[in-house]
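The listed protein sequences correspond, in order, to chains C and H.
Residues in the first sequence are numbered consecutively from 1, following the numbering used here.
Residues in the second sequence are numbered consecutively from 1001, following the numbering used here.
Keep in mind that the hints were calculated from the coordinates and are not lab data.
You can take every hint at face value.
SDA-like mimics (lysine to any residue), calculated; alpha carbons at most 25 Å apart, straight line: (1) K1194(H) to L1365(H); (2) K1369(H) to G133(C); (3) K1352(H) to A1135(H); (4) K1246(H) to V150(C); (5) K1246(H) to M135(C); (6) K1405(H) to N1113(H); (7) K1079(H) to I228(C); (8) K89(C) to M193(C); (9) K1246(H) to P128(C); (10) K1065(H) to D1330(H); (11) K1352(H) to K1398(H); (12) K1285(H) to A1376(H); (13) K1369(H) to P124(C); (14) K1382(H) to L123(C); (15) K1116(H) to D1330(H); (16) K1250(H) to M135(C); (17) K1221(H) to S9(C); (18) K1246(H) to A130(C); (19) K132(C) to G1247(H); (20) K1079(H) to E265(C); (21) K1369(H) to D129(C); (22) K1027(H) to Q1054(H); (23) K1298(H) to D1075(H); (24) K1095(H) to D1070(H); (25) K1246(H) to L13(C); (26) K1382(H) to P124(C); (27) K1200(H) to V273(C); (28) K132(C) to F152(C); (29) K1250(H) to L8(C); (30) K1333(H) to E1117(H); (31) K1068(H) to K1095(H); (32) K1161(H) to G1197(H); (33) K1370(H) to G133(C); (34) K1375(H) to F56(C).
Residues from chain C shown here face chain H by an in silico Cβ test under 10 Å; the list is partial: (35) N18; (36) M140; (37) R146; (38) L221; (39) D225; (40) S267.
C-beta atoms are modelled at their ideal positions from N, C-alpha and C, and glycine is treated no differently.
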Amino acid sequence: MSINLQALSAQLLVGLINGSFYALLSLGLAVIFGMLNIINFAHGAVYMMGAFAAYFLLNIAGIGYWPALILAPLAVGLFGMVMERTMLKWIANLDHLYGLLLTFGLALIIQGVFQNYFGSSGLPYAIPDALKGGMNLGFMFLPIYRGWVVIFSLVICIATWFLIERTRLGAYLRAATENPTLVRAFGINVPLMITLTYGLGVGLAALAGVLSAPINQVRPLMGADLIIVVFAVVVIGGMGSIMGSIITGFALGIIEGLTKYFYPEASNTVVFVLMVLVLLVKPSGLTGRAA
Amino acid sequence: MRNTISAALLGTALSLAMAGIAMAQDKTVKIGSLSDQSGLYADLGGPGSTLAAQMAAEDSGLMAKGWKIDIISGDHQNKPDIGSNIARQWFDVDKVDTIVDVPNSGVALAVNNIVKEKNGVYINSGAATSDLTNAQCSPNTVHWTYDTYMLAHSTGQAMVKAGGDSWFFLTADYAFGAALERDTTEVVKASGGKVVGGVKHPLNTADFSSFLLQAQSSKAKVIGLANAGGDTTNSIKQAAEFGIAKGGQKLAALLLFITDVKAIGLETAQGLSFTETFYWDLNDKTRDFSKKFAARMKNGAPPSMVQAGVYAGLIHYFKALEALGSNPHDGAKIVAKMKELPTDDPLFGQGKIEANGRKIHPGYLFEVKKPSESKAPWDFYKLAGTVPADQAFTPIEKSTCALLKK
Chain C
1 MSINLQALSA QLLVGLINGS FYALLSLGLA VIFGMLNIIN FAHGAVYMMG AFAAYFLLNI
61 AGIGYWPALI LAPLAVGLFG MVMERTMLKW IANLDHLYGL LLTFGLALII QGVFQNYFGS
121 SGLPYAIPDA LKGGMNLGFM FLPIYRGWVV IFSLVICIAT WFLIERTRLG AYLRAATENP
181 TLVRAFGINV PLMITLTYGL GVGLAALAGV LSAPINQVRP LMGADLIIVV FAVVVIGGMG
241 SIMGSIITGF ALGIIEGLTK YFYPEASNTV VFVLMVLVLL VKPSGLTGRA A
Chain H
1001 MRNTISAALL GTALSLAMAG IAMAQDKTVK IGSLSDQSGL YADLGGPGST LAAQMAAEDS
1061 GLMAKGWKID IISGDHQNKP DIGSNIARQW FDVDKVDTIV DVPNSGVALA VNNIVKEKNG
1121 VYINSGAATS DLTNAQCSPN TVHWTYDTYM LAHSTGQAMV KAGGDSWFFL TADYAFGAAL
1181 ERDTTEVVKA SGGKVVGGVK HPLNTADFSS FLLQAQSSKA KVIGLANAGG DTTNSIKQAA
1241 EFGIAKGGQK LAALLLFITD VKAIGLETAQ GLSFTETFYW DLNDKTRDFS KKFAARMKNG
1301 APPSMVQAGV YAGLIHYFKA LEALGSNPHD GAKIVAKMKE LPTDDPLFGQ GKIEANGRKI
1361 HPGYLFEVKK PSESKAPWDF YKLAGTVPAD QAFTPIEKST CALLKK
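Construct the complete structure from the given sequences, taking the supplied hints into account.
This is how it looks when you write it as structure tokens:
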């Protein structure tokens, strides 16, 4: 096969766009796992709720895309915090498996409720006027909205990384996961920090949901389809590593994009093939710590 | 004593005779609606198809005449192995007589074999592949609503006639996509056009940008969407985003359902032309049925053409059963009766079922309205043309069905 350089660079860019979603979602998963030791299977469901929140804001309250970018993650994050306080908190000291099963069950319930009321085909959400149209890059026509998604997600990813790895608040958080009793002895409200962290992780997923609403359909199962891939991304990057999940998210988006160019039939499976390879060679993931 | 014995014997003989009559007069029917209940095809079939079957049973009038009609539903999850297992269990354990709906051509073909093996009745409404009435045809199968030949010859031909003589296909990578691409390619070539390329994408893909870029760089005049449901809505939505139409390329949505148009939104979907065999707003009869149907749907949606096909197919099936007087539990016999009787129902009008199992009725070319033209929540289409019943489907002499070689 002759490789067309123009087409190839276009595919790389498209891969980067999908990678932004993988990165945002796997970042939220990594934050939650790193701080709470919960494998959050409800992540796809809250991603979907973010998109629906944006849809409701627009169609019921008449609130547009820009405020939704803040309001929807806040609302869904709040929902996540309630979930943490009322349910996840009680199983915090048990085996991972309990958290996984609980969040998986919650995801099924949330998706089921949405599907009952909105069907499976989804609802339309228009691209905001300011980001409509596209520009010709020479090798491809780039919709402005997609460009915005890449830049915005990069900023959010780096800000989150900075918050957790480089600030005092992040240091407290990391300390609280290492030794909660000791941190509490310093007068820090550890349960509150944990709740806020879960809210942050969930909010990140909801933000990804709002970002994807204009591109994909706002569908009850939009998260269920995506979450499996995102989990593969997290496994490849290494559970709990913030930077690892960001880099792997973008990298796998690109690899998937290339597969779509060279052998499209395999584009749904390439991530999992990579996952298997990584697990065979380095079970803790590329940047992960040993579980 | 002797009297008691003879009375007992007489009683036994009588009850045996009664049982015999009961056998001959068996008026119980069990129908299974097998569909995708929660995935990308659930809105066009799914729970709505089960409701359509229920309404057909109520409207048939058979229950007032002493018939007992049971309707159950199953979720094949778009997986042929799961669909086959449900079908087998339905026939072997649950004593189901008839399977209806079955969208997803892959599953539909797998179920087709099982229905034939178990001598049941198969009224397929949801699947598209024209193989069901050609290479894979069966004496137990009626293919009701539409097929890939019909789609290719109406939408495909109309596009080529309008000047779209070079095509690039986005094809769902399974039996349906392959059949639709094959049938459309034939039409395009026969009308003097050419196919410059194509790409096969996995079923249920969220992001089409890579494929659309390839379609864009192919410079084909028409991008043929040989996919369905969520795949089609995502393709159309993202094609708008990548400026496909502005670049002078046209989209041919070979298969588009009303639920898809709703999902895309009129803003993006306006002007798309495509073919269906049913639309709720065609005439008084379709409006009347759709109103009753929508009132019983959770989201108030009118019937899709697939759900309409389930209803109409069963109405005809019940007519055949009534003509036979009782349920013979012999699928081939019932289907033969269905082919013998002319069809007439409120949704598809008058028509017939060919010897190969193909139901014949007109096809309608629709165009999606502009947002300003839409007056009601589901007021989406305007009629752009009608393909007469005798031209809409594969001419019987061209069918490769083995049932026709006698």
